[in-house]
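Protein sequence lines, in the order shown, are assigned to chains A, B, C and D. Its first residue numbered 1, the first sequence is counted upward by one per residue in the UniProt record's numbering. Its first residue numbered 1, the second sequence is counted upward by one per residue in the UniProt record's numbering. Its first residue numbered 1, the third sequence is counted upward by one per residue in the UniProt record's numbering. Its first residue numbered 1, the fourth sequence is counted upward by one per residue in the UniProt record's numbering.
Don't read these hints as lab results, they were simulated from the structure. Since the structure is predicted, the reported quantities are computational estimates derived from the model, not experimental observations. Accuracy of the hints is not assured; some may be wrong.
Since the list gives no way to pick one copy over another, a pair counts as held whenever it fits inside one copy or between any two copies.
Unchecked claim - Simulated crosslink set (BS3-like; lysine-lysine; CA at most 25 Å straight-line):
1) K162 to K61
2) K13 to K405
3) K127 to K59
Number of protein chains: 4
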Amino acid sequence: MSQMDLGMSERVKPLVEKVRRMMQDEILAADAEYHAEVGKAGDRFKFTDRQNEIREGLKAKAKEQGLWNFWLTDSERGYGLNTVEYAYLAEEMGWCVLGPEIFNCSAPDTGNMEVLERYGTEEHKKKWLKPLLEGKIRSAFLMTEPDVASSDATNLDFKAEKDGDEWVFNGEKYWSSGAGDPRCSVYILMARTAARDSGVPRHSQHSMFAIEAGLPGVEILRPMTVFGHDDAPHGHMHIRFTNVRVPADALLIGEGRGFEVSQGRLGPGRIHHCMRAVGQAERALKLMCERSLNRTAFGRPLAKLGANYDIIAECRIAIEQARLLCLKAAWMMDQGDARAAAPYISQIKVAAPNMALKVIDEAMQMFGGTGVSQDTPLADMYAGMRTLRFADGPDAVHRMQVARKELKPYTNTKV
Amino acid sequence: MSQMDLGMSERVKPLVEKVRRMMQDEILAADAEYHAEVGKAGDRFKFTDRQNEIREGLKAKAKEQGLWNFWLTDSERGYGLNTVEYAYLAEEMGWCVLGPEIFNCSAPDTGNMEVLERYGTEEHKKKWLKPLLEGKIRSAFLMTEPDVASSDATNLDFKAEKDGDEWVFNGEKYWSSGAGDPRCSVYILMARTAARDSGVPRHSQHSMFAIEAGLPGVEILRPMTVFGHDDAPHGHMHIRFTNVRVPADALLIGEGRGFEVSQGRLGPGRIHHCMRAVGQAERALKLMCERSLNRTAFGRPLAKLGANYDIIAECRIAIEQARLLCLKAAWMMDQGDARAAAPYISQIKVAAPNMALKVIDEAMQMFGGTGVSQDTPLADMYAGMRTLRFADGPDAVHRMQVARKELKPYTNTKV
Amino acid sequence: MSQMDLGMSERVKPLVEKVRRMMQDEILAADAEYHAEVGKAGDRFKFTDRQNEIREGLKAKAKEQGLWNFWLTDSERGYGLNTVEYAYLAEEMGWCVLGPEIFNCSAPDTGNMEVLERYGTEEHKKKWLKPLLEGKIRSAFLMTEPDVASSDATNLDFKAEKDGDEWVFNGEKYWSSGAGDPRCSVYILMARTAARDSGVPRHSQHSMFAIEAGLPGVEILRPMTVFGHDDAPHGHMHIRFTNVRVPADALLIGEGRGFEVSQGRLGPGRIHHCMRAVGQAERALKLMCERSLNRTAFGRPLAKLGANYDIIAECRIAIEQARLLCLKAAWMMDQGDARAAAPYISQIKVAAPNMALKVIDEAMQMFGGTGVSQDTPLADMYAGMRTLRFADGPDAVHRMQVARKELKPYTNTKV
Amino acid sequence: MSQMDLGMSERVKPLVEKVRRMMQDEILAADAEYHAEVGKAGDRFKFTDRQNEIREGLKAKAKEQGLWNFWLTDSERGYGLNTVEYAYLAEEMGWCVLGPEIFNCSAPDTGNMEVLERYGTEEHKKKWLKPLLEGKIRSAFLMTEPDVASSDATNLDFKAEKDGDEWVFNGEKYWSSGAGDPRCSVYILMARTAARDSGVPRHSQHSMFAIEAGLPGVEILRPMTVFGHDDAPHGHMHIRFTNVRVPADALLIGEGRGFEVSQGRLGPGRIHHCMRAVGQAERALKLMCERSLNRTAFGRPLAKLGANYDIIAECRIAIEQARLLCLKAAWMMDQGDARAAAPYISQIKVAAPNMALKVIDEAMQMFGGTGVSQDTPLADMYAGMRTLRFADGPDAVHRMQVARKELKPYTNTKV
């Protein structure tokens with residue numbers, strides 16, 4: 001009788017094996033070529049034919065083998081994998097940016113599809129969920145805003161106002177990841193539907209909407225950059241809405257229930273992010289080990305010099321621990337009590353990105369100049385990973401959650 | 001079908017619950033009183049009546065409930081617990097020094113009993129194993145030597161020479177933990193039986209012996225102290241052997257097979273140490289949380305000041321990760337491939353004590369002066385834990401093992 | 001024209017040289033013998049003849065060479081050394097516990113002498129200051145209390161009440177360092193002279209007193225221990241006062257001016273502590289280097305194994321930085337603007353003890369078991385240094401001060 | 001009499017003040033505009049008119065005020081500033097990339113000018129040194145090679161062979177910083193002039209040359225990128241030399257004396273880099289403080305949340321310590337004993353970039369997503385600073401130097 005099985009199930013093992021083989025044998029190399037193509041179509045946010053060919057070719061191949069939509073947990077249409085099983089796949093897919101998309105498991109689409117499945121109308125499902133499940137369109141999640149500390153989401157100020165049968169949106173969103181993709185067709189968007197001083201409770205002042213991308217009044221102001229990268233053609237867009245009108249049924253579940261949707265959406269998303277972070281760390285450690293054996297200085301391979309053994313060991317120890325914690329958080333989710341799982345998700349949300357950054361940084365250092373250059377993927381990996389220390393909540397907020405939970409047994413009063 | 005079950009089995013759950021209750025309700029308080037008695041018998045290495053009463057009373061109570069000899073993995077006489085199951089018990093017992101002895105699960109006895117069971121003669125078993133299993137006598141493990149870097153155990157130089165039907169021992173051992181206990185009746189001892197330049201392979205120059213404690217020629221020179229503590233009446237003794245003679249059958253398994261015995265002995269022992277370290281960390285975190293809520297400065301409970309939430313959260317995150325890694329190492333052992341388990345044991349041997357020291361240190365700091373004083377157990381906990389960064393191999397040696405394993409797939413030549 | 005001279009002046013160089021020679025050649029060895037004598041007089045808080053002989057012999061020798069009362073900055077009776085000059089001497093004297101006393105530069109006497117000189121009556125000076133300057137008696141500083149978070153000193157609750165011509169004291173103090181010394185003759189003591197809710201401003205509710213040690217009603221409850229050490233015969237005493245009566249002139253400067261005195265007292269004291277911490281770190285690094293060259297494992301001196309070069313280098317880098325910051329804080333004090341110097345003192349108060357602990361800890365690890373044992377001074381050094389992270393204000397409070405100062409230029413409102 | 005004056009001299013104070021004002025009031029803003037122009041001339045390695053206008057306008061203004069060529073230490077043509085004085089200026093100029101060039105104090109020009117002044121022919125001086133001193137041309141230093149671990153410079157394999165009256169160069173160099181600048185007219189280049197197995201001592205197998213940029217046979221293969229930045233138009237170029245011929249007098253000082261030149265060149269250069277790193281850290285801390293006060297979450301400014309005070313304080317403490325160590329290293333250089341100064345330079349070369357990275361990283365975290373985006377300079381600062389952990393020698397090599405020096409007094413044999 002299994003109590004806390006964190007291993008790979010027999011069911012998922014062959015899937016992991018196939019995904020791993022495809023990642024290592026094809027997708028890592030394809031990813032490099034794919035990203036080297038960016039901009040060759042004139043506009044960095046357009047695809048070249050070669051990009052379409054690479055991506056769709058790999059997707060077709062994955063689909064053909066049934067390596068598709070793994071994230072559909074407990075669903076008839078998917079494998080019905082649990083979170084622990086999915087976590088192992090996420091790690092493999094996370095070795096490079098292109099990975100998850102090939103298997104239709106990319107952020108923010110997976111979370112958005114869940115939202116649409118759970119809360120969308122039939123029309124929403126037909127129009128957006130179906131093509132998303134087929135990998136034909138993409139989506140974005142519009143939450144963060146430029147003018148407020150979005151780490152405290154009750155600050156969000158982007159406005160949705162009811163006007164007859166329609167909702168009217170005004171405000172700015174940024175870090176809208178994926179909104180740059182020319183295929184992006186739908187936004188899941190959080191907006192304030194009650195004023196701060198309306199008397200409505202602070203956590204019921206916001207609502208979630210599903211709206212068509214690129215409606216009149218929507219201006220994409222610019223891509224936000226990450227260490228100078230625009231991450232085209234995905235993009236983290238800064239978007240302005242001016243009197244953008246959508247039909248009443250764009251509202252999901254009900255007015256004032258935005259946090260309910262966002263919380264349900266973010267939990268699994270954080271675990272996926274973290275397991276991909278573990279994948280990134282494994283990749284960095286592999287590169288570090290290879291370099292340490294292939295490069296010679298002072299007459300010996302780097303591995304044998306100074307602290308390098310210790311560095312390699314510390315990286316391995318850190319990876320193992322973070323992976324296990326991530327699997328435990330996944331397992332907690334699978335137990336069905338989201339409230340109980342939450343502090344574990346916060347824990348790993350702090351631990352995994354910091355661990356991965358450390359490993360990538362050590363790998364960089366083993367490579368010297370090559371480590372920050374275009375000759376290794378390390379700098380891109382570092383930049384991408386660095387955002388994970390605030391995306392979906394900064395470290396400090398997650399630590400606050402963990403501490404609150406920790407202190408609860410010792411106090412009757414709210415801490 | 002369980003792949004890597006790191007949870008508590010149904011079988012062990014009630015045991016853990018009982019041990020926890022006994023530890024929290026009785027043994028923690030008894031431990032304080034027990035250690036406060038040290039020295040009152042005149043000699044710090046003698047027991048007072050009150051000590052005997054406390055200890056034997058608790059042991060009887062534990063035995064009565066069948067909470068005894070948990071470490072006997074896969075044995076008819078014990079529960080046949082696997083290493084993962086035992087690990088959960090070790091964590092609970094590890095909250096204080098007295099804990100493990102109450103359940104007859106103390107180091108170095110558990111390891112020594114395993115050695116006697118596996119390699120001892122019938123005579124050995126009758127004379128030492130049986131009373132050890134009954135908690136009537138105690139034992140010591142004599143390995144470390146003062147004059148060589150014992151972290152590289154091939155350096156060990158204490159001599160055993162065959163003289164007719166007897167072995168003759170000459171040399172010094174120190175950090176012989178438990179040798180100070182007046183009940184200590186048997187030493188498991190590693191000695192050099194082939195000279196360095198004998199042509200015998202380096203890992204076959206040593207042998208393991210089981211010998212009676214306190215034979216003629218054995219002088220206990222002094223207890224080694226740990227941050228000034230002699231850890232009486234257990235004691236980490238410095239012992240000199242001068243022409244100490246024992247019968248031929250003191251030799252276990254065979255000449256030159258000392259490392260085989262010590263390796264088999266140290267693997268599980270390290271896991272036990274590490275899980276007890278997790279228990280220590282949990283205790284420190286509990287103390288820290290309580291203090292942070294009960295103490296006020298600048299008008300607020302300490303918990304709400306500065307970085308204290310972050311500190312508490314980081315401690316929790318660190319504990320969770322170390323525990324999981326420890327459980328994984330235990331699970332690896334249970335798979336039966338010691339070679340495959342070894343690097344995991346090395347990983348946790350580095351990770352757990354460093355984690356526990358960090359948590360204990362943060363707890364101290366939350367308490368201020370009280371944290372290093374007799375008014376909390378923290379300083380004793382710190383001192384004890386500090387030794388675990390070199391006992392059974394220093395961090396650096398374990399990191400070396402981890403790195404070697406990590407680099408192996410990338411090289412054909414030995415690194 | 002000197003702007004920020006952090007070097008040794010020509011004047012202080014020969015003093016440093018003489019102190020160093022005496023420390024290295026005589027006092028380090030004497031310190032070990034001196035502390036080994038503790039308890040041999042029956043009572044750990046009594047001196048043996050040998051202790052008196054060692055200590056007074058060295059003091060006489062130091063005095064003879066004029067190596068005495070260096071701390072008397074800008075005084076006719078001393079060398080008139082500035083704080084930077086004194087800092088170099090403090091580092092040398094700080095290598096072992098006995099060091100400062102030999103040169104009559106011990107805490108808490110130096111600070112107490114300054115208080116008496118500045119604020120004492122003629123009677124106080126005659127009775128206590130003169131023999132203190134001559135090294136004939138010793139003193140204690142009674143500030144910290146068991147029942148409140150003394151890190152926020154406005155919490156202090158020990159009461160002094162005026163009753164006719166006398167003050168009457170009631171309450172408990174602990175961590176009263178030096179109060180265990182049989183020669184201790186005077187206490188400088190902080191007491192609450194206005195109730196919390198008296199309407200008196202929070203920083204004017206306390207007053208400072210100079211009172212005779214051991215008056216009727218004073219009970220020494222116990223020595224507080226530090227990692228189990230009672231630091232006898234110096235001692236950090238827990239003392240209870242019950243209706244202890246002293247004459248009116250025990251009050252220094254004036255009612256409600258306790259913080260004024262304590263602040264003036266603590267600034268230089270913190271710098272002295274920090275420079276002694278630098279001395280401790282230098283001693284630990286020296287021991288570490290020697291060990292790394294004298295001990296062999298895996299066929300090479302420890303120095304050449306793994307990360308040891310890196311560890312040694314990091315220790316050296318950390319020491320250099322902390323020393324320089326300490327010297328800068330000293331130099332700031334010498335500029336005469338205590339307010340401007342304060343954040344530098346807070347900076348070094350955080351940096352120096354943490355640095356020294358790290359260096360001592362690394363030294364321990366290089367020694368293995370020997371590092372925590374009686375065979376090296378490292379564990380005692382660690383224990384002593386650990387208290388410096390809360391003595392005279394915990395890290396967190398000093399960091400708060402530094403941050404406040406840092407943020408000030410960016411805000412008009414108080415942060 | 002000054003012993004170790006690390007303060008600003010009266011002489012340099014007004015210079016620092018003027019440079020600071022010009023940096024803060026003009027150059028920081030100009031730097032942003034200047035870099036935003038990159039690429040607008042079609043080729044990223046060409047300047048736009050606006051760039052020329054910005055840069056030359058500021059240079060003219062600086063020159064006019066005599067803020068020019070500060071690096072010319074002890075020279076009739078400069079201010080004759082010593083290294084400590086220059087260090088204070090370097091810190092101010094280091095706040096942004098454009099800073100140093102405005103005052104003709106950029107790397108690698110300053111080092112190259114020193115080389116030309118000391119070892120160049122009259123012809124070299126006329127052709128290159130004069131226009132460099134006037135800010136009319138720029139230069140590059142070609143040392144690092146793609147195919148060897150250049151951290152051990154004896155590995156360098158780029159070949160220079162004597163052929164009659166000429167030297168013939170073959171090989172590749174990369175990370176040739178500044179070689180992308182269209183004004184770059186001269187390369188200082190290190191080449192192997194004796195084969196590894198020639199019997200020539202290992203440190204005499206290389207020679208230094210001054211050669212015209214862009215000769216026939218020189219191909220610029222690509223700019224190396226740093227976290228994806230090509231750092232155009234400066235550029236870190238990868239260059240291939242195929243039978244490039246230069247006249248005999250291109251050889252500086254003498255065959256086999258390459259290390260002599262490079263060592264002399266790198267010492268001060270490292271100090272300059274480190275003081276600029278201190279400037280970068282100050283800038284990051286300023287941004288962090290402002291953000292912490294201007295941004296609100298959970299109803300309070302970020303500064304007042306969680307660990308933010310502690311983070312700000314730790315950054316200030318780290319900056320102060322690194323600056324002081326840098327000033328001490330500078331002061332050591334000014335004492336004229338390069339051998340004695342070397343370990344201090346290694347110390348700061350490890351300490352300063354790591355400190356600056358930590359501060360910049362914390363600043364990023366305070367800003368959340370904005371911290372890695374184009375809306376703050378932090379990500380660019382981080383990327384640039386990250387290279388300093390291997391440029392001019394990786395941390396590990398510098399730590400090795402520090403440890404060697406540290407261990408020397410304890411051993412007679414070479415460690």
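Results for each hint:
Taking the closest pair of Cα atoms, K162 and K61 never come within 25 Å of each other, the shortest separation being 46 Å inside a single copy and 58 Å across copies. With identical chains, the CA atoms of K13 and K405 are at most 25 Å apart between copies only, with a shortest distance of 24 Å across copies and 34 Å within one. Only within a single protomer do K127 and K59 lie at most 25 Å apart by alpha-carbon distance; the minimum there is 21 Å, versus 60 Å between protomers.
In summary, the one numbered hint that this structure violates is 1.
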